[in-house]
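Peer 1: The primary structure of each chain is shown beneath.
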Amino acid sequence: MADQIIICRCEDVTKEEIQKLIADGAHTLDEIKRLTRCGMGPCQGRTCQPLIAREVAAATGQKMAEIKLPTFRPPVIPLKLGALAGGGEKDA
Amino acid sequence: MLNFDVLIIGGGVTGCSIAYHLAKSGCTRVALLEKGYLTSGATGRCGAGFRQQWGTRTNCLLAKHAVAKLEQLAEELDYPGGVEIKQEGYLILAYTPKMEAQFKKNLALQKSLGIGARWVTPREAREIVPFLNTGGLLGATFYEKDGHANPFKVTDAYARAARRLGVEIHTYTPVQDIRLDGGIKTVVTPAGDFRAPVLVDAAGGHAAGIGRLVGLDLPVQAERHQILVTEPVEPALGPMVMCFYHNIYCQQSPHGSFIMGLGDPNEPRGYNTGSSWQFLMQMAEKAVRLLPVLKNARVVRQWAGVYDMSPDRQPVLGEVPELPGFYVAAGFSGHGFMIAPMTGQLMAECILGKPTSLPIDMFSLSRFSTGELFIEPSVV
Ligand SMILES: Cc1cc2nc3c(=O)[nH]c(=O)nc-3n(C[C@H](O)[C@H](O)[C@H](O)COP(=O)(O)OP(=O)(O)OC[C@H]3O[C@@H](n4cnc5c(N)ncnc54)[C@H](O)[C@@H]3O)c2cc1C
Ligand code: FES
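Listed in order, the protein sequences are those of chains A and B.
Quick note: the first sequence uses UniProt numbering, first residue 1, plus one each step.
Quick note: the second sequence uses UniProt numbering, first residue 1, plus one each step.
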């Protein structure tokens with residue numbers, strides 16, 4: 001049961017799935033993000049990335065500080081397209 | 001010193017597809033060198049759409065065969081979760097009489113090649129995309145077998161299958177230099193030297209940089225393209241909506257998020273992959289006007305990648321005549337994902353000295369010196 005723990009609640013990814021990928025050779029957060037969507041949810045990984053980093057560290061013997069975080073991409077909070085469009089220039 | 005039959009530089013969808021197709025044909029002493037992780041270049045940043053609605057025979061056939069391979073990919077490569085293919089069509093919008101005339105010409109060509117795209121009126125377009133703003137629209141072309149797939153999974157599927165067949169894939173291994181000693185190429189990386197008689201440059205936006213290491217002037221330049229994704233919502237948009245007039249495309253992934261991008265005619269050439277606020281506003285403006293229902297969708301992430309642009313916006317494929325054993329598969333100019341299954345097959349055939357399943361002479365590097373450019377009327 002312990003492995004059914006959800007690590008990424010935005011994208012519904014379990015600890016077991018993450019551990020399997022790491023065992024399969026995905027040793028960076030960038031790779032794990034792209035294969036599982038962990039970090040691509042509305043919170044953009046604020047919740048799950050540190051937890052995944054801990055799994056990578058535990059599996060590979062790296063220190064947490066050595067694990068590179070994926071690039072944080074804008075916008076910082078989800079923005080409605082309608083609100084953004086309102087502020088844009090009009091064009092033909 | 002590690003010896004191979006073929007070395008591939010670049011771990012995007014192109015390099016991984018070539019690696020797999022070589023190994024499948026029995027050429028398994030292959031190593032692929034990638035400076036970051038697999039898909040860290042354009043592949044992992046792309047819209048990942050595929051369409052068979054092209055304006056030249058060559059591209060129609062290339063795309064048609066590639067899509068047929070993509071449909072079977074998960075099975076062929078034994079990739080259990082699948083590659084998230086969605087085939088609900090491309091709707092390509094026409095706003096000017098000139099576009100309409102060109103699209104109708106394309107349709108006739110496509111029909112002759114067994115691609116069943118059709119002309120739809122604005123009303124019919126609204127039946128396909130109920131919330132489409134049809135203001136100013138003259139009509140559109142639609143083909144339901146076009147669609148998109150997950151680029152990470154497609155690449156991962158090729159890479160895993162290649163590995164199972166014996167290919168070595170070295171990630172985080174940047175190529176720093178190349179030495180030509182007779183027929184043998186020595187590739188220098190921080191992880192040591194790799195040697196092989198055959199070298200494939202599949203380095204995407206960096207292909208010209210690899211070319212320079214062997215004194216080759218490859219006319220492939222990087223050009224930034226920005227893109228964004230929204231939070232997932234209920235399925236609402238079946239097809240990819242594409243508009244050459246406003247220079248935008250928008251699709252909803254099987255996961256529910258909307259993915260959209262635009263081409264900026266003023267984008268300078270270069271390796272900038274930063275995201276701009278201006279793109280966000282412009283994209284929002286155009287997308288909401290075309291598909292008003294999007295106004296409530298929330299953008300969660302924007303990013304950018306580079307197109308590897310060639311002078312005629314068509315790839316360079318094949319061996320470089322002055323450099324025997326040096327092959328190029330680059331210059332995809334924004335549509336390399338969709339043809340990658342065929343790029344891999346054709347490049348493997350060409351490297352192994354077999355007849356290619358489709359002609360590729362028109363993609364040779366020499367076209368830029370002879371002036372026989374490949375003109376495709378239907379590109380973004
Ligand atoms: C925003 C955007 C949207 C797109 N939308 C679509 C679409 O809808 N449909 C479509 O078909 N195409 C699309 N494309 C284009 C598509 O992404 C590319 O044509 C395709 O991914 C090219 O794959 P590739 O493997 O040739 O190149 P890349 O994926 O760029 O791979 C090249 C690899 O080479 C590596 N490399 C570079 N230099 C070195 C070195 N010195 N040593 C080792 N490795 C090195 C890079 O790290 C990179 O991983 C889009 C592109 C962008 C940017
Ligand atoms: S918890 Fe993983 S993206 Fe939000």
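Don't read these hints as lab results, they were simulated from the structure.
Some hints could be false.
Going by beta-carbon spacing under 10 Å, a handful of chain A positions derived as facing chain B [what the hints assert, rightly or not]:
1) 11
2) 40
3) 57
4) 59
5) 79
For every residue, glycine included, the Cβ atom is placed at its ideal position computed from N, Cα and C.
Peer 1: Sort out which numbered hints this structure fails and list those numbers smallest first.
Peer 2: Hints 3, 4 contradicted; others consistent.
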